[in-house]
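J.: Using the hints, put the two standalone chains together into the complex.
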Amino acid sequence: MVSPELLLGGLTAGLVVGSLYGLAALGLSIIWGILRVVNLSHGAVIALSMYVAYLLSVEYGYPLLASVLISIFFGFVLGMVAYYLFVHKVLGGPELASLLSTFGFGLIILGTLQLKFGGIARTLPVTTATIEVGHVPIRMVQVVGAVIAIAVAIAAYLLIYRTWFGRAVRAVVMNQEAAALMGVNVTKVLMLSFALGLLFASTAGTLLALSYSFTPETGSMYELYSFTIVVLGGLGNPLGSLIGGIILGIAEQLTSIVASGSWGPLVAFVLLLVMLVIKPTGLFAKL
Amino acid sequence: MASRTGLIITSIIIILVIIGAAYYLAKGGGKGTTTTSSAPATSTPSPTTSTPPATTTSGAGGAGGECIVKIGFTASLTGKLQKESAEQLNGIKLWEEQVNSKGGVKLPDGRVCKIKLVYYDDESKSARVQELYQKLITSDKVDYLISPYSSGLTAAAAAVTDSYHKIMIATGAASDSIFTKGYQYVYQLYTPASRYMTPTVDLLMKLDPNNKKVALLFENSKFAKSVAAATKKYLEEKGFQIVYEDYYPPGTTEFSTYIAKIASSGATAVFGGGHFQDGFNLVKQLYDAKIKGLKYVAILVAPPEPAFAELGDAAVGVIGPSQWEPGVKYSPDAAKKLGIEWYGPTVEEFVKAYEAKYGHTPGYHAAGGYAAGLLIQYILEHAGLDTEKAKQLLDNLDLMTFWGHIKFDNTPEKHGLQIGHSMVLVQWQKQGGKLVKVIVYPEEAAEAEPVYPLPWGS
Numbered sequence: 000m001v002s003p004e005l006l007l008g009g010l011t012a013g014l015v016v017g018s019l020y021g022l023a024a025l026g027l028s029i030i031w032g033i034l035r036v037v038n039l040s041h042g043a044v045i046a047l048s049m050y051v052a053y054l055l056s057v058e059y060g061y062p063l064l065a066s067v068l069i070s071i072f073f074g075f076v077l078g079m080v081a082y083y084l085f086v087h088k089v090l091g092g093p094e095l096a097s098l099l100s101t102f103g104f105g106l107i108i109l110g111t112l113q114l115k116f117g118g119i120a121r122t123l124p125v126t127t128a129t130i131e132v133g134h135v136p137i138r139m140v141q142v143v144g145a146v147i148a149i150a151v152a153i154a155a156y157l158l159i160y161r162t163w164f165g166r167a168v169r170a171v172v173m174n175q176e177a178a179a180l181m182g183v184n185v186t187k188v189l190m191l192s193f194a195l196g197l198l199f200a201s202t203a204g205t206l207l208a209l210s211y212s213f214t215p216e217t218g219s220m221y222e223l224y225s226f227t228i229v230v231l232g233g234l235g236n237p238l239g240s241l242i243g244g245i246i247l248g249i250a251e252q253l254t255s256i257v258a259s260g261s262w263g264p265l266v267a268f269v270l271l272l273v274m275l276v277i278k279p280t281g282l283f284a285k286l
Numbered sequence: 000m001a002s003r004t005g006l007i008i009t010s011i012i013i014i015l016v017i018i019g020a021a022y023y024l025a026k027g028g029g030k031g032t033t034t035t036s037s038a039p040a041t042s043t044p045s046p047t048t049s050t051p052p053a054t055t056t057s058g059a060g061g062a063g064g065e066c067i068v069k070i071g072f073t074a075s076l077t078g079k080l081q082k083e084s085a086e087q088l089n090g091i092k093l094w095e096e097q098v099n100s101k102g103g104v105k106l107p108d109g110r111v112c113k114i115k116l117v118y119y120d121d122e123s124k125s126a127r128v129q130e131l132y133q134k135l136i137t138s139d140k141v142d143y144l145i146s147p148y149s150s151g152l153t154a155a156a157a158a159v160t161d162s163y164h165k166i167m168i169a170t171g172a173a174s175d176s177i178f179t180k181g182y183q184y185v186y187q188l189y190t191p192a193s194r195y196m197t198p199t200v201d202l203l204m205k206l207d208p209n210n211k212k213v214a215l216l217f218e219n220s221k222f223a224k225s226v227a228a229a230t231k232k233y234l235e236e237k238g239f240q241i242v243y244e245d246y247y248p249p250g251t252t253e254f255s256t257y258i259a260k261i262a263s264s265g266a267t268a269v270f271g272g273g274h275f276q277d278g279f280n281l282v283k284q285l286y287d288a289k290i291k292g293l294k295y296v297a298i299l300v301a302p303p304e305p306a307f308a309e310l311g312d313a314a315v316g317v318i319g320p321s322q323w324e325p326g327v328k329y330s331p332d333a334a335k336k337l338g339i340e341w342y343g344p345t346v347e348e349f350v351k352a353y354e355a356k357y358g359h360t361p362g363y364h365a366a367g368g369y370a371a372g373l374l375i376q377y378i379l380e381h382a383g384l385d386t387e388k389a390k391q392l393l394d395n396l397d398l399m400t401f402w403g404h405i406k407f408d409n410t411p412e413k414h415g416l417q418i419g420h421s422m423v424l425v426q427w428q429k430q431g432g433k434l435v436k437v438i439v440y441p442e443e444a445a446e447a448e449p450v451y452p453l454p455w456g457s
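Read top to bottom, the protein sequences are chains A and B.
Last residue of the first sequence: 286 (numbering that gives the first Met the number 0), numbering continuous.
Last residue of the second sequence: 457 (numbering that gives the first Met the number 0), numbering continuous.
One chain only, chain B, in its complex shape (with noise of 0.2 Å):
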């Protein structure tokens, strides 16, 4: 009996320790994730809610009334989407405060609402979205949708809200496929893949238009594939001559064998990449390797992340297409030049509030969130919470803002899929001994000059 006793009081130390540490952890590592939603997966879960107290929901105020608009979405708090997902989460609740602080949104009849956000933990799970995407709509009674981060959880939260005929705001999502279902109610903010690094050859061709040997060597995942195959038919329109090309499995660290056939095929440029842990080990080794002869690298996802600094010397030169970058350079001059309407704060000011408040500087992830709402804002101004008068601005639409061009595409083929916004290329430099991360491409955004060719190519 002793030892039983002694057994039980042994595994309660060690739980309250490992509960301790986890806490002592959570505090100190998790920052931004504010987890008033750690409530475990129930059947039920309450909704993480935020500022303005409650006091009449959407619609009941008079006109010139205080109302409150709901905008519901999910988020990753767990699970493997967490990080990019806090970031998206991010830039949306400092939307949500920058709107409430000015005493809310100017609806077309006069009234004036605030926002109030309504988001759950999808856990990382499509299973989950799907499951609280109808609550939202059918029991919260949401006003405007935002998606979930990733395009395989907005696939899966789009297939429920088009079926209610609600409102969502993609972002997060560079998926085309979404966009080809014939869903009517979804309007995606990111770049499509299929335009994804097409700006990588626009670039090469304006550096060198002698460089035409190209290898493809891209992750062998949905999002890669889609990016490669209209990266490819675009290297073919253009007279580019395809020396190599091949994908490798999702996950795969050593390259040395691809490294040695696209050395030996002679190719002069390389296009590629996946994810960032292959895209990074690719760069890396391809350092290493000091193929002759090769004078360009354009890899997808990993070269705009901060971390890509790691690889040191490796990293000066390499070409990468990002969402947003920071430094970009839409401004209402610029909107003005094109004859485009200019929306919300200029990147400085989005950039300085964000800064202040969560103490780094946005990447994409966060500049998107912010770029969802602040396009729900432009929806709540000139269409108030009238659907289908929603839709007919979002179809129509044609808005500059910091995020850069918003246009959708209005076919019943692609409706939804975003026309209007371009990546933009940056490339790592060293700059007085330091690398910083520039933007090189397109010029009206550009920061410096491109590299060309790489530094350690021989």
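This is chain A alone, in the form it adopts within the complex (with noise of 0.2 Å):
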């Protein structure tokens, strides 16, 4: 039937594709888990990184590097911005609060880029090398963005449990106002949690535009992907979204090999349906 190679292909083909899934989730993941947010401009964000490294690199013709440098980065300075103009005010609010503004803030992006690029599909020029694994090509770009999502991850991991700022924002999580009587920050702690969930999305979203081609609407699928990875994985810890992304990327590629790929969707909400039965916090532990 199917050859051992090939599956060994279908794994590798989706522990690199879901690592970028993992690396997705991973920006709305934190934001919930720290800020007690859903963000919904979590897809627009994805998206509007995607634009700004084809703006920086297509249109003004900057290097290629230095252009997914800057729409990486960009997500942190933009999420330090949005925060206060979108979240500070709603937290501790009713949540629907933060869910409309949120939701709002991915609707001007959205609209901008709707506006400004139109729903035409845009593509980086990216040549690559590809590598075989079993029969399946793999590219060296997703290699490398592969590499960088795990790194990522697990520095995020790192940076929330073995650093002074983690333990700070495990505090806030904890307890807001015995943070702040313990000389904690606790805006700007929030306010940079914000900015690091975005920079997640931003980077995600840059190194799959080096991939694939994307249109304003891509953004708003692989948020769908996030929610559920989010789910999988258990809210809010950075290793957790790395593996539930990992875990649907797996799914989803072995899906076609040894059934059909129109089985992949069918196939990921079984996972997550059995997950919110036998475990419904997610394989690992919230914050």
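Since the hints were derived computationally from the structure, they do not count as laboratory data.
Watch out, some of these pointers could steer you wrong.
[Said to hold, decoys possible] Within a straight-line C-alpha distance of at most 25 Å, the following computed BS3-like cross-link-like pairs (lysine-lysine) qualify: (1) B:K388 / B:K113; (2) B:K390 / B:K413; (3) B:K134 / B:K113; (4) A:K115 / B:K79; (5) B:K356 / A:K115; (6) B:K390 / B:K140; (7) B:K82 / A:K115; (8) B:K291 / B:K328; (9) B:K221 / B:K79.
[Claimed, not checked] Covered stretches of chain B, going by a simulated chain A footprint (3 or more residues, C-beta under 8 Å): (10) 255–266; (11) 273–286; (12) 305–316.
Even glycine gets a Cβ: it sits at the ideal position worked out from N, Cα and C.
T.: See below:
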């Protein structure tokens, strides 16, 4: 039937694709875990970073590497500004308030992208060598993306569990008032956490843009994936998101090898359902 | 209190900045969409009408006097179909402008009528479409209708228009299923999905009768699956061996595992695709994978789009079906040879007029819009405003225009389905180091010889 070589290829492709899904989900997960805000602008920020890279490298003609770096860190700066504009005032209010304000923020981004670029698919001028693992062609640019994604997820884990900033973050998550009394600048911690969440989203978006074409709608697909992964991996835990993403990626790629690709979404949702039944908190506990 | 005032002022400033930025971008980026109907979705939107002052309404003018014919439709000025719909609208507007600048259309009773377009923004939503077509028929009392853009919206519109026995010319809609519902007053201009990819099979047989091992990899969406089913049936009839068949979920970007299975199946030709994005990514990854022995790739939807050129070398050699291209060779002479009546401008005249008005070359969406107007002009000249006469005319129509051959199925089972028009096949080729899109099939429309086998297969 299916040769072990093909299976190995499918696993590798799943790992490579899934680690990028995981990185995207990490952005959503961390903002929920720390701020208790479901960031509905997540997909829009992913799409925005793709277009920032496109604008700089294709339309303005900057070197690709510089464009990519700028579009990655653009997410962080945007996050700092967006925190004060759209998140700060609604924190601690009813959950609907933060849903609406982040949704509105996302709509502004998407509307602007639609006006400026329209619905036509764009792509970055990246040509790349491929390596074959078990007959499955895997492009080098994806391998690089996967390595970065895994490194970022581990760095995020270390940041939260091994540094002073991480201790402050965890303190804020446990009890904001107590943290403030101990001298933690709560607003600053929340602002930086939101910015970090957007940084992860823009990193994922930029790396995805190197491999695939995109439209303003593309981000919403990864937003949907991110919600699935966050439930799989456990809210707020960086490694949980990464592993959740990899599980989803492998499930998707193996489905198209073992059965038919059209079963992919079904397999993903069955996985999600099983997880909700047997371990509703996800694979990893939250922060 | 002070902080609240501050907050209010800040909010006002932010809102003003956003409105300003949006306005600036809309002026710079939103070309072609004359946003006269930017009125939001209120219950009674004011129709966007154009040029001639409404001196008299249709039928009111006596013989020889000025009269006005109202053509109604909806366009997706907003929403996900905005881009394609805007092009289609451009085509319709160009037709209206040309007719009116010549004084109007002469009806069989001798009156010369100007055209007045009545249209609304359907927001790319079928619920809006049904509401608005009802309004066009009952309160605006339009004479003839053109469909919205896309099969989905056209299906929604047809359900309303046919129940009022109003003729609607369907353009931008390739679905077969609209025409199996027993409608008697809907007529399709596009080649239907069932015949979308069959010419790509014909071309392969012509190029290489020995290339018989094919892989099918289409999107798991309504349109692509119906094309795939028809293509598969045709391939089997022609004695091809289908060595791989799969359907990927909509939105798929990563094709490496599919490609691995295509490679191990030993296929030498690939038929597939669905929408632009996935077709684009699929070709890019096929190119990167350099499958041994792969000689022929035919992809749905993506190749005719100018943006396909962004693939660079990967685009070379890929075949794609298109409803219409500016280089097609339909002409009065060709019509004469086939013994069919020719009507309207030549391809060159249409392309030139369109470029002069909009500053870019028309694609098939724009041509389809213009063709719908042109067909209505033909109806007006031959049947006037009598719906039943017009229906008889269309049922027996056999016409050649710049759009190509137009002939409708007049059996009760598939009434209104397009059976005359056929797809042309385009291929991206390198000419003098530059990527160009040329028509390679059918021979009577071809601009260049097809490149075969794929230059990037190995």
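J.: Give a verdict on every hint.
T.: Going down the list of hints, with the structure as the test:
About 20 Å separates the Cα atoms of K388 (chain B) and K113 (chain B), which keeps this hinted pair within 25 Å; it holds. For the given pair, K390 (chain B) sits about 15 Å from K413 (chain B) by alpha-carbon distance, which is consistent with the 25 Å threshold. Taken as a hint, the K134 (chain B) and K113 (chain B) pair is honoured in the structure, with Cα atoms around 22 Å apart against an allowance of 25 Å. Simply put, K115 (chain A) and K79 (chain B) have alpha-carbon atoms about 15 Å apart, close enough for the 25 Å limit, and the pair holds.
A threshold of 25 Å between alpha carbons decides the hint, and for K356 (chain B) with K115 (chain A) the separation of about 22 Å falls inside it, so the pair holds. With a C-alpha separation of about 18 Å, the suggested pair K390 (chain B) and K140 (chain B) falls inside the 25 Å cut-off, and the hint holds. About 12 Å separates the Cα atoms of K82 (chain B) and K115 (chain A), which keeps this hinted pair within 25 Å; it holds. Distance hint between K291 (chain B) and K328 (chain B) is unfulfilled; the C-alpha atoms sit about 36 Å from each other, more than 25 Å.
Taking the CA atoms of K221 (chain B) and K79 (chain B), the gap is about 17 Å. The hint holds against a cut of 25 Å. Given a C-beta distance limit of less than 8 Å, the hint that chain A covers the stretch 255–266 of chain B holds, as 8 residues qualify and 3 suffice. By the rule of at least three residues with a Cβ nearer than 8 Å to a Cβ of chain A, the coverage given for the stretch 273–286 of chain B holds, with 6 such residues. Coverage of a stretch by a chain is defined here by at least three residues with a beta carbon nearer than 8 Å to that chain's beta carbons; for the stretch 305–316 of chain B and chain A the count is 4, and the condition holds.
Of the hints listed earlier, the one the structure fails to meet is number 8.
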